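**Student:** Chains as they are written, first to last, in numbering that gives the first Met the number 0: chain A, 0 to 453; chain B, 0 to 180.
Hints in this document: simulated from the structure, not taken from any laboratory.
There may be inaccurate statements among the hints.
Said to hold, decoys possible - Some residues of chain B that are not near chain A, with every Cβ distance over 10 Å (derived):
(1) PRO7
(2) TYR9
(3) ALA31
(4) CYS64
(5) GLY91
(6) PHE100
(7) ASP154
(8) ALA161
Said to hold, decoys possible - Covered stretches of chain A (in silico footprint by chain B; criterion: 3 or more residues with CB under 8 Å from a CB of chain B, positions within the stretch not fixed):
(9) 14-23
(10) 144-156
(11) 179-187
(12) 227-236
(13) 354-363
(14) 415-428
Note that the structure is a prediction, hence the values are computed from the model and not measured.
In this text, a Cβ means the ideal position worked out from N, Cα and C, and glycines have one as well.
Below are the chains, spelled out letter by letter.
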Amino acid sequence: MAAPAVSRDIGVLHAGWGYASIGDKIADIVLTRPVRWPWRAAFLATSMATLVFVAAMSYLFVTGIGIWGVNIPVAWGFAIANCVWWIGIGHAGTFISAVLLLLRQRWRTSINRFAEAMTLFAAGMAGLFPILHLGRPWFLYWIAPYPNRMNLWPQFRSPLVWDFFAIGTYIVVSFLFWYLGLIPDLATLRDRAASKWKRIAFGLGALGWTGEARHWARHRSAYLLIAGLATPLVVSVHSVVSLDFAIGNTPGYHSTIFPPYFVAGALFSGFAMVLTLAIPLRRAFGLHDFITDVHLDHAAKVLLATGALVAYGYLAETFMAFYSGDEFEIAMTVDRWSGAYAPVYWSMLFCNVLAPQVLWWRRARRSALLLFFLSLVINLGMWMERVTIVVQSLHHDFLPAAWGLFVPTAWDWIFLVGSICAFAWLFLVFIRLLPSISISEMRSLARESTQEAA
Amino acid sequence: MTAPSTPPLYGVLAEFASADHLLAAARRVRAAGYSRAEAYAPFDVEGLAEALGFERSSVPLFTFCGALLGGLSGYFMQWYAAVIDYPVDIGGRPLHSWPMFMPVTFELAVLGGAIAAVIAMLLASGLPRLRHPIADAPDFELATRNRFFLCLRSDEPGFDRAAAEQLLDELRPLRRAEVPR
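With the rest of the complex left out, here is chain A (with noise of 0.2 Å):
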């Protein structure tokens, strides 16, 4: 008889990975590796900041968002530009997962699961700081089309409808997405974990699923289905959220390319930010022939050709603000360049655009810790931007005597540094509880690795 499948070496996967040992190396990061002090330490650290981060939330409610930097003409502050930031940074995932199955990407593979789990929480950061910038946040229902004793309908042409619906949506479908990609390998996980109360967990959530080649086409169509739908669907979701700045008609805001630079943006934060992701968990948990190399250089190709868009979006932005000969925009311009933020603008443009072109050499996108640091400063620049975009145009727009700063106080950084761990708090307690990488499409691709070598 044939010998059991074993993977030979096609770059995204190493060699020497047959099915059992590939779901032996994912399942038991989860099942059965100890909880050692880094993980215990980060998952302190991070919990600590998380509760920080509900405290401040509580005193917002009780207080009101005058603890905030915020006010007339500066209305919009770092919440606005941090949710802007974080549904950026939750692009990648389901571009992963979606556009590059469709694309028939296989490198994807090892990376798309817990790019969706990123998705998933930067999405739910980016649901919360909406709603923690509403004056009267327990009202947030209203914007919900409902039966109500007011007789009043939200306004659906309005782009911040519009941002409830995507967010929403997106929110919904990529759950259902990952969770869909999730059920064979909470099978596995079922099937595998040796204590009583696991496999009542796993089992329960693997929704009985025993891996029935009919369930398997089901499965795949509905993958791709979703994948399809989910496509069109990451592209509308920022170009949705961009059209909240475009259709205002301040000067900063009211620009045609302002959703194309803002898809390409979030995905160039999103991709940073699976980099940022990737890099340590396939250190802590010795990934490196699951996530290899050539992994790190695909997504610094895509960090080198979005960066580019982005840079184009900065010089078309640049160039209208002149060829409109609109003197609001040219002096907004002038004042982005030399008024009070301009530091911010100059230190964003070298983190997103000059300080990627390190990628062009191939010895920078195969360094795991150039890549970390630059995944960093390419999120950090992103930040950069989106408060540029929000509160620069916003302190510089027509009357002079309407100009005024917006300087962060503490609770605007503690909200910002909160999300930020929050985030890191959820993810700690993902790779722990959930399989990180795929089993079942890892063990198709060492399948399709041993068919080509026949």
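On the provided structure of chain A, position chain B as indicated by the hints.
**Tutor:** Structure of chain B alone, referenced to chain A:
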């Protein structure tokens, strides 16, 4: 049934070590006339369902209907709100401003399609299911690990246990077992 004393049978089960072996076995039992045979694999083996006679998945149709329903009801909701129930005259602009209704229509179409796809996939497969007789079969916990199984079900029209067992033995499995109901 052969004898009244034997426990009721779900089917007879053969275990294989490789996906290709299972694929060949599935083609063989299909050719022998078994239309309800089931194959179990730890990952999506291309062509396996088709080899067992699975023709088309109902998931795409359901997804289309879900997306259509989501999109149409989304559009209707906005039209009803803006034109009938809560018209707001903004400088005499048309109440039925359809381009502005597109984003929500699109998002709800995607939402409806995705939810329908998941529900269709689960319901058509008989999931969620708390207990399946095959889960108690020997070695079956390996069906989500590295083994491949083929089950000839006893509710097959004209099922003959001895013939089924003989057919499975001819396929040279690692082992053959019975699956009580």
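**Student:** Next step is simple, just say for each hint if it's right about the structure.
**Tutor:** Here is what the structure says about each hint:
Every beta carbon of chain A lies more than 10 Å from that of PRO7/B, the smallest distance being close to 19 Å; the non-interface claim holds. Non-interface call for TYR9/B relative to chain A: holds, since the shortest CB-CB distance, roughly 12 Å, exceeds 10 Å. At the 10 Å boundary, the C-beta of ALA31/B stays outside the reach of chain A, the nearest C-beta of that chain being 17 Å off. At roughly 12 Å from the closest C-beta of chain A, the C-beta of CYS64/B stays outside 10 Å, upholding its exclusion from the interface.
Here GLY91/B stays apart from chain A, with its beta-carbon at least about 15 Å from theirs, past the 10 Å limit. Listed as outside the interface, PHE100/B is inconsistent with that label: its C-beta sits roughly 6 Å from the nearest C-beta of chain A, within the 10 Å cut-off. Here ASP154/B stays apart from chain A, with its beta-carbon at least about 15 Å from theirs, past the 10 Å limit. The non-interface label for ALA161/B is consistent with chain A: the shortest C-beta to C-beta separation is roughly 25 Å, beyond 10 Å.
With 4 residues having a Cβ less than 8 Å from any Cβ of chain B, the region 14-23 of chain A passes the three-residue criterion, so the hint holds. Judged by the Cβ-Cβ criterion of 8 Å, the region 144-156 of chain A is covered by chain B as claimed, because 8 of its residues qualify and three suffice. Residue count for the region 179-187 of chain A with a Cβ under 8 Å from a Cβ of chain B: 4. That meets the three needed, and the coverage hint holds. Counting residues of the region 227-236 of chain A whose beta-carbon sits less than 8 Å from any beta-carbon of chain B gives 5, enough to reach three: the coverage restraint holds.
Residues of the region 354-363 of chain A lying with their CB closer than 8 Å to a CB of chain B number 0, which falls below the three-residue condition for coverage. Coverage of the region 415-428 of chain A by chain B is violated in this model, with 0 residues showing a Cβ closer than 8 Å to a Cβ of that chain against a need of three.
The structure does not agree with the numbered hints 6, 13, 14 stated previously, though it agrees with the rest.
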